[in-house]
Amino acid sequence: MNVHDASPITDHGSPTLSPLGYPTNLFAGKETFEGVNETIGSVVLRDRQPRPWWIGFIIAFALLMVLFLAISWLLIRGVGIWGINIPVAWGYAIVNFVWWIGIAHAGTFISAILLLMFQHWRTAINRFAEAMTLFAIACAGMFPLLHLGRPWVFYWLFPYPDTMKMWPQFRSPLVWDVFAVGTYFTVSLLFWYLGLVPDLATVRDRARKKWQKIFYGVLALGWRNSAAHWQRHQIAYLLLAALATPLVLSVHSVVSLDFSVAQLPGWHSTIFPPYFVAGAIYSGFAMVITIVIPVRKIYGLENLITLRHFNNMANVMLVTGLIVAYGYFIEAFMSWYSGDIFDQYMMTNRVLGPYGWIFWLLMLVNVVIPQALWSARVRRNLIALFLVALSINLGMWLERFVIVITSLHRDFVPSSWGMFFPTIWDWATLFGSIGLFLTLLFLFIRFLPMIAISETRELVAEPQKAMTL
Amino acid sequence: MNKEKPFGLAAEFKTHEDLLCAAEASYAQGYRKMDAYAPFPIEGLARALGKRNRVPLMVLIGGIIGGAGAYYMMWYANVVSYPINIGGRPMHSWPAFIPITFELTVLCAGLTAFFGSLATCGLPKPYHPMFNLPEFERASQDRFFLCIEADDPIFDATKTREFLQRLNPLNVAEVPK
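Note that the protein sequences, when read in sequence, are chains A and B. Position in the first sequence (first residue = 1) + 7 = the working numbering. Position in the second sequence (first residue = 1) + 4 = the working numbering.
Rather than coming from a laboratory, the hints here were simulated on the basis of the structure.
Computed list of lysine-lysine pairs in BS3-like fashion (alpha-carbon distance at most 27 angstroms, straight line):
1) B/Lys181 to A/Lys220
2) A/Lys217 to B/Lys181
3) B/Lys129 to A/Lys220
4) B/Lys129 to B/Lys37
5) B/Lys18 to A/Lys220
Required output: the full structure, derived from the provided sequences and hints.
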C-alpha cells in the first residue's frame, strides 16, 4: 500500500577488513530503513511460515506433550517415579535446573553487558538471546518446583503472612534461589518487553490484517515514537541493563552456593561462584549459536546476522570455556592440596569410579573439542561451529551431572554409598523441557520480531556505530 | 473541517539531521508544546525540545525502598517475629541477609524503571490525535515528524505553518483532533 523509498539512506560501501581478516561492517551490504523493516517485520506478518518452521514446531510440540505426560504422572505418583533416592536425592531435576539457568545467562550477557560496553554488534542477536533467556528460565524454574514433592504448596517459599505463623529460612541458599530466580525472570521479562515495544509499534503500523492490527496494537501500548517516549525508554532500558548486569552474576553465584554452602566433598568449594558464572555464559552462547545458525538460514537473515557475529560469539565461548577448564583443574588440584581424605577420594571416584566414563566424556566434549575454536577457519565455518556448539551444550549438561550425582553417590561413610540410575521419566522430563523451550521459541519467531528493528534502523542511520572493532 | 481547533501542525522530514535542526529552531523560536517523532532514538532530540526526564530518580528511590524493605523483612522475621537458636549462632546474622537484599533491590528498581517509564510516557494510551495523520504510520518506519501543538501560547495556524515551511520539510500537514 505504502510506496516506501527503495533508495538507500546510507551506503556502507564495500566491506573493509580488520587486521584479522573479518569484515568490519555489521551489515553484509547496503541496508535501508525499508530493507530492515521488511526483512524482520515480514517474518511475523506473512501468512505462511516456511516448511522447516512447521517441521520444527511439530517436533517441539510433540516433545511438549511428553513433558505434560511426565508431569501428570509425577503429580499422580510422586517423585518416586524418578531414579532419585538416598543418597542421591538430587537427580536430574537439579542437573536440568542448573543447566537451563546457565543457558539463560547468555541472553542477559548479550543484551545487558554488551549494551553497556557499546558493542553494537549485539543488535542482531540480542532480542533472540533475551527470548531464549526467558524461555530457559521458565524451563529451569519448573524443575525445583517439581522436585519439591508437593509442588502445589510452592508458595510456602515466599514470605507472606500465613496461618502457620512461619517464615522462610532466609539464611538458606535454597531460599536465596527463590528470590534470585524470581527476580531474574521478572527483570528479564521487563527488559525484553521494554525493548520490544517500539518494534511492536512498527509491526502494528505495517500490519494490513485486522487481527494483526489489534494484536500488535494492544501489545504496543500506544507507542508513538515521540522524542519524550524515546528519552524515557532509552534511560529505562539502560538502567535495566545496568541492573541486570550484576543480577546475572548474582543468579548463578547463588545457584552455586546451593552446592558450596553444603559440606559435601565435591560441593564445598570456594571456586564455585565464578566458575559457575563462566560456565553459564559458555553454555548460553553455545545455545544461541545452536539456534541462530538454522534460523538465519531458514529466514534468510544473512545480511543482518553476519559471520562476524558468529566469530565474536565463538571468541566468547573460547574464553569462557578456558575459564571453565581452569575451574576443573583447580577443583582437582585443591582436592589433592587440601590433604583431606574425603576430598581426595571424591576426586579419585569422580575420575576412576563407576561414573568415571561421564567425567572423561565431559573432558572430551567440554574441554578438548572446543579448542577447535582457536582456528579462525572453524569460527567461520557454520557447520563446524554448529557441531562445536552442540558438543558444548552436551558438555555443560554432563558437568552438572558430574557435580550433582558423583558427589552425592559416595560421601563420607561407605555404608551410605549408593548408585543413581535415571528412569524413563527422568529422560521424559529432560527432553520434554527441551520441547517446552523450543515450542516457546518457535512461537516467538512466528509472532514477535526476532531482531531489534529500531536498533537496527539506528545502525542504518548512523553507520559509524556499525563499524566498531 | 476546520470548525474545531486542530491538535497541531506536523512537518515531515526525510532524515534525522533535518529533524534535529528543526527541533532546535522551533525551540529557539519560542515554541514549547511540541513533540518530535522518529523511528529510532536520536541523541539530543529530547533535550533540544526541552523534555525533562525523572525516570532515573524514580529508579533510585525504588531500589532504595526494595533493599531497605528486604533487609528489614529478614531482620524482623529472624530477630523479632520468629527467632530460632541454631547452635548459638547470632539472630542478626547480616551476611546471610545480603543476597536477598541485593535481589530485591534489583527487583524493585527494575519494576520502577519499567512502570515508571511507561507512566511518564502516559502509556498505555490506545488513542492519540497524532494517529489521525495519514502518513504517521511511517514514523515507526522511515520518516521523521515534528508536531507543534495548537495549545502552545504562540501557535498561530498561518504563522506556524509558514515557520515550519522554512525548515525544509517534505510537507506540512494539519493534525485533526
